[in-house]
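> Here is how the chains run, residue by residue.
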Amino acid sequence: MVSAPKKVAISRKKRQRISPLLVVIPAAALILALTYALPPFRNYQLATVGAYLCVTAGLTVLTGLNGQLSLGHGALMATGAYTLALMQNRFNLLVAGIVVAVLVTTVVGAVIGLAAARLRGPYLAGLTLAVAVVVPSIASTFDETFNSDQGLTVALEPPPDAITVEQWQAWVCWGAALVTVLLLAYLIRGRFGRDLRAVRDDETAAKLAGIGVARTQVLAFVVSAACAGLAGALFAVLAQSVSPGAFPLTLSLFLLMAIVIGGLGRLVGALIGAVLLVALPSFAQSIAESSGSVRLEGNLALTFFGVVLVVVMLAAPGGLTSLTNLRIRRKSQKGRK
Amino acid sequence: MDRFLYLTFDGLSRGAIYAAFALALVLIWRAARIVNFAQGAMAVAAAYAGYSVTNATGSYWLGFITAVAGGLLLGAAVERVVMRFVDHSSPLNGVVVALGLVLIIQGVLGMIYGNEFRPAQAPFSRDAFQIGGVALLSRYDLFVFAAVGTVVALLTLLFTRTPTGLRMRAAAFAPDVSRLLGVPVGGMLTLGWALAAAVGSLAGMLVVPTELGLHPNAMDLLFISAFTAAVLGGLDSPVGAVVGGLVVGLLLAYVSGYLGATVAPMAVLILLVVVLLGRPDGLFSKAKARTA
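Just so you know, the protein sequences line up as chains B and R, in that order. Here my numbering is used: position 324 in the first sequence is 324, and no number is missing along the way. Here my numbering is used: position 54 in the second sequence is 54, and no number is missing along the way.
These aren't lab readings, by the way, just hints derived from the structure by calculation. Be aware that a few hints might be false.
If the Cβ cut is set under 10 Å, some of the chain R residues that face chain B in the computed set are [stated by the list, open to error]:
1) D2
2) L5
3) L7
4) R33
5) V86
6) L103
7) L109
8) M111
9) F117
10) P119
11) P123
12) F129
13) F227
14) A230
Which chain R residues stay away from chain B? Per the calculated CB distances, all over 12 Å, these [to be verified]:
15) V35
16) F37
17) A38
18) L62
19) S90
20) V108
21) G110
22) Y113
23) R179
24) G182
25) G187
26) A261
27) A264
28) V268
Glycine residues also receive a C-beta, built at the ideal position from the N, C-alpha and C atoms.
Please put together the full structure from these sequences, using the hints given.
Set out below in structure tokens:
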């Protein structure tokens, strides 16, 4: 009889044997094929999934592996999006714009992360919630730069003639998403990932093992902030405009729902969440249209996400991907007690 | 100087509302060690219920009573149906479930009432009295002070002078021992949530006439301000919540009076950061270390 903790260790080992490259390269080929097969609107949705995947992947590393709950990632996305818009309108170099957007968001994330490393549980959630609520109001305070509630339009070079705009957007978003996922996958399977989990599970033990707790927490926040900045920049490219209304508090809550339902700390879970973030509102939209009620629009998706979040947390706090894993872990916890 | 006086009274009136809302947060924190992130949404739901009754009957007071009673019921229901079944081994779980409730409540309210602002009437005039040529207080401000003062006094009486209050404190402080001594711990928890939600709904009803009107997201900023107030006073301390509420109210009044209303949310954020980093246990907390 193999003891329960050992079982977890074995199952983890099995999972880790698949190289991330072996997943990402076929995925890239699949996406490329899809962009030629799909009609423009589906391509746009596909691109949106890619953009969401950037931020959910980063957030699941922060919340799932490091145990820091951030409700401020919607605001970090807004930072990335506005930076890209300002860069594009001045220089019109997309790659440079995205890089600067990521860098600026990383710096902002480092500032929040420095504060966050000293906070736990509800205090951290409250602070990041405040960031998510307050940041959109900055746009109206400095309205010469950010143009208040109307926001900014994003100037973009048209793509080559051979492909549609939506196809090009899908390439950009998925290119960024796959690189992000690849980097994160290598990052969390190495020493950094072990540190993250150690700090999440027991700070004192982690400290005794020589892990810098605060350093690890700030780094986790910085990494996930960079991902959020990238996602924000991609959203600006997708919508070709940025406005405070595009980054409300509910966006941050949606991101949380996405990573919780997919399974906290799993990159596969982040993908499931990103797909649901696009599929569910579109599904709810079609229901609202067929019923002809204006009020259902948007609100149906909101309610649905809320119900999913509550039910998943009550029934399976590990999310969909970890239902089997959870049972083993519960057993091992009982064994320890 | 006149302006300063006017802003001070305005700030105290706002602060009284924040104090009531912060008190609701503190009540639940003391009873269950959960910061109820759904408090704002629950207060909005109660306010909408009051709004419907006021519209149907034409009486503000019937609506007011409906809102507070609705909050009471909603709080009990949330605890009994959802929060009781949350796995509290990680402090994240309670927060995530509360945020799920926020989405549900806002979605359902949006479906029923739509996402536009609905102007809410005030029971008293909001025009300020002139005292010595200076506009100081309105009738509505006096009503706010009276309502919040009554709530604080009643809660103090309940917790310090009645057997039920003693049981509630015992159930929160040492649940296992209390259960052995015959205190219905689960029932006390439900009662705590119901009371807190009722106080939150009262604060919501008070704040709505001073804002743009009713909206599913109307209480987001109120929640942030009240959370800041509660943290400023120490999440464990009811006295701290009241003082914290008044401080936050004054700060907001001065900042929006002298620097502009759009700067006010940022001032709250800055205050929250300063308090969390400088004195995270709050001004009035006796606890030595924060564990959750």
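> Measuring Cβ to Cβ, find out whether S90(R) lies farther than 12 Å from everything in chain B.
Not fine: 8 Å to the nearest Cβ puts S90(R) too close to chain B.
> Would the hint on R33(R) stand, with a C-beta cut-off of 10 Å toward chain B?
9 Å, holds
> Does the closest beta carbon of chain B sit nearer than 10 Å to the beta carbon of M111(R)?
5 Å, holds
> Does F117(R) hold up as a contact with chain B if the rule is Cβ-Cβ below 10 Å?
15 Å, violated
> Take the shortest C-beta to C-beta distance between V86(R) and chain B; is it under 10 Å?
Where the cut-off is 10 Å and the nearest Cβ of chain B is about 7 Å from V86(R), the hint holds.
> Is the nearest CB of chain B more than 12 Å from the CB of R179(R)?
Given that every Cβ of chain B is farther than 12 Å from that of R179(R), nearest at about 20 Å, it holds.
> Going by Cβ atoms, does L62(R) stay more than 12 Å from chain B at every point?
The claim holds: L62(R) sits with its nearest Cβ about 26 Å from chain B, beyond 12 Å.
> Is it correct that the beta-carbon of G182(R) has no partner in chain B closer than or equal to 12 Å?
Consistent with the label, G182(R) stays out of reach of chain B, its closest Cβ about 28 Å off (over 12 Å).
> Can the hint on L5(R) be confirmed by a CB-to-CB distance to chain B that is less than 10 Å?
This interface hint is violated because 27 Å lies over the 10 Å limit.
> Confirm or reject: A264(R) is not an interface residue toward chain B, with every Cβ-Cβ distance exceeding 12 Å.
8 Å, violated
> Could you let me know if the closest chain B CB is still more than 12 Å away from the CB of A261(R)?
10 Å, violated
> Taking the minimum C-beta separation from G187(R) to chain B, is that value above 12 Å?
21 Å, holds
When each numbered hint is compared with the structure, violations occur for hints 1, 2, 3, 9, 10, 11, 12, 15, 16, 17, 19, 20, 21, 22, 26, 27, 28.
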